[in-house]
Amino acid sequence: MLRIEARPGPSKTMRYLSPLIAALLMLVSGLVIFTLLGKDPGRAFHAFFVEPVNDLYGIGELLIKASPLMLIGTGLAVGFRASIWNIGAEGQLTVGAICGGTVAIWLAQVQAGWLLPLMILCGGLGGMLWAAIPALLRTRFHANEILVSLMLNYVAILLLALLVHGPLRDPEGYGFPQSILFGEAATLPVLVEGTRLHAGVLVSLAGVLAGWILLEKSFLGYQIRVAGLAGRAADYAGFDRSRLIWTGMLAGGLAAGIAGVLEVAGPIGQLIDSVSPGYGYAAIIVAFVGRLHPGGIVLASLLMALLYLGGESGQMNLDLPAAVTGIFQGLLLFYLLAADFLINYRLVPGRRATGGRQ
Amino acid sequence: MNGHLLLEILVAAIGAGTPFVYAALGELVTEKSGVLNLGVEGMMLVGAICGFIGMAKTGSLLVAVLAGMGAGMAMALIFGVLTLTLMANQVASGLALTIFGVGLSAFLGLTYTSIALPGVPALPIPWLSDIPVLGPLLFSHDILIYGSILLYAAISGFLYRTRAGLILRGLGEAPESAHALGYNVIGIRYLAVLFGGAMAGLAGVYLSVAYTPMWVEGMTAGRGWVSLALVVFATWRPSRVMLGAYLFGGITILQFHIQGFGIDIPSQLLSMLPYLATIAVLVLISRNRQTIRLHSPASLGIPYHPQS
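Protein chains in written order, with the working numbering: chain A, 1 to 358; chain B, 1001 to 1308.
Just so you know, not all the hints are guaranteed correct.
Said to hold, decoys possible - From the structure, some residues in chain A lie toward chain B, with a derived Cβ separation under 8 Å:
#, residue
1, 45
2, 158
3, 220
4, 334
5, 340
Just so you know, these hints were derived from the structure itself, not from any lab.
All values reported here derive from a predicted model rather than from experimental measurement.
Glycine is no exception: its CB is placed at the ideal position from the N, C-alpha and C atoms.
Chain A on its own, in the form it takes in the complex:
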């Protein structure tokens, strides 16, 4: 028999092992799910997790999908570390895409090098603006930032739909809800020939690096950590709570906004009524699985990107429903949260402790 025992202190090893355990459990669950769906598990596993990345093009696709996830995940981690729950990244991404995309449409005649940086700037500002709403309502009116930021996701997506059905619609687009195609100066250059890998990945990596410096090397990062671990201690130390809320929310908004521009200026190339397959939500999982650390987040974003690609490949090659991806994403986070139990507790052989030692 096994017995649960509290560890004297949190286990550092388990902290890093737990995401690996979660990933492993998710893969095992994958085999079970494939079998239940009547597929040969070995073949399905290969189609889902290996085939998408066994050539250069596939690697490029993996990085394209990992790019927004790592950028947003890092931005969210800034808030999550201080227990500021911004779950509005999907909306902030959408508003970023709208702002950056509008610049590209308005300045369609411009063929200058400053156009892309301007788009990224506007997209980042747009994402921050959208994140500023829950931050303001939280600091000024104590409104719950989880619910406000989540509600704004729906509003942002409706706003995008409104724009591409109306003012931003391509007049020669046969009435389809889409804008004109962006010009060359508004499109991210491809990095590696034979792939679709675009320069946005470099922007994302730079963002992750900036996040790492903020979180690990700055005094503000230290304040954020303290606030998350012990809110009272942070108050006693005189750390300004509302400044931390603003920092946490705006970091997420900035990252998500830029990720939104990179999506429309990269793989999509125009504004359409759906610019993200749920990256804003998946990035929440990425942030947790990456242990709210930029390095871990990069690794987690690759795993999550593989789930997206696997979903597509499984659908094409094996007639697996694409919705399997969502199930895998949810399972991964479940397993992580469960495995985290082992950070503070351990299983030791022996009978279950009864009565006395309660």
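Chain B: place on chain A using the hints.
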């Protein structure tokens, strides 16, 4: 606007508010025990598709209701194991539950997207439904709507007039004291979480089987999240949950009628209304910090473990 149209809107608002009634009352009970389950949207979706499948396969409303409630409880059980047994963060676990529920319901519903169900017939109560105005407003609904009103009465009675309700509320205020008095804190919290799951599942069944009898991916469209906001708006009191639920039902309905009045507003702007209204009521009610502090269960969202 004439009286007839107003009555029509009010009747429709009760229908549109019913999913909020079920989901928010369920979440209210969960939160009263001190547990914050943000997975309502996910539980609602899985309940909706399981209820839909039950109805499509058997044609029995009872089977649909049981399937939806069972599915919601199964989802809530995952949340319970994570947060109550394994002491995981409640916010993260609730988010995970919603993400999982969105994926699972889409997956389960793949082959059901093009099926329409007959819906649930209205069940006018004899005599009472003939009363002018009040008859159509209160006594001419389907059985699930009557059920939601009975649920309100039952929960109000349970929370404020029974010993078990007192224990549940006490648990949410001070789990240590409840434990010291010999109550099984974790066990009772499990029951409260499972009840919340069953009600969220039932809210989903009402949507997919009665309100709009078909399955559309993500058809709850944020109603689970709105329900969470309603519990805050209601400052954890059942009667105000009802008020909020029908208010939001009305807002949902209003967007269809505004266009009917000949006012030319893009449909997307109207669809934003419920979400913007949710933000507005959250701000209104949270503005005064004291209100929330007085009414919210003191241990809400804080993990508790007897050993520690």
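Against the structure, the hints come out as follows:
About 18 Å separates the beta-carbon of residue 45 of chain A from the nearest beta-carbon of chain B, more than 8 Å, and the hint is not met. Restraint check, residue 158 of chain A versus chain B: the minimum CB separation of about 4 Å is within 8 Å; hint holds. Interface restraint check: residue 220 of chain A against chain B, minimum CB-CB distance 23 Å, threshold 8 Å, status violated. For residue 334 of chain A, the shortest C-beta to C-beta distance to chain B is roughly 5 Å, which falls under 8 Å, so the interface hint holds.
With a least beta-carbon distance of about 6 Å to chain B, the hint placing residue 340 of chain A at the interface is held under the 8 Å criterion.
Hint check: violations occur at hints 1 and 3; the rest are consistent with the structure.
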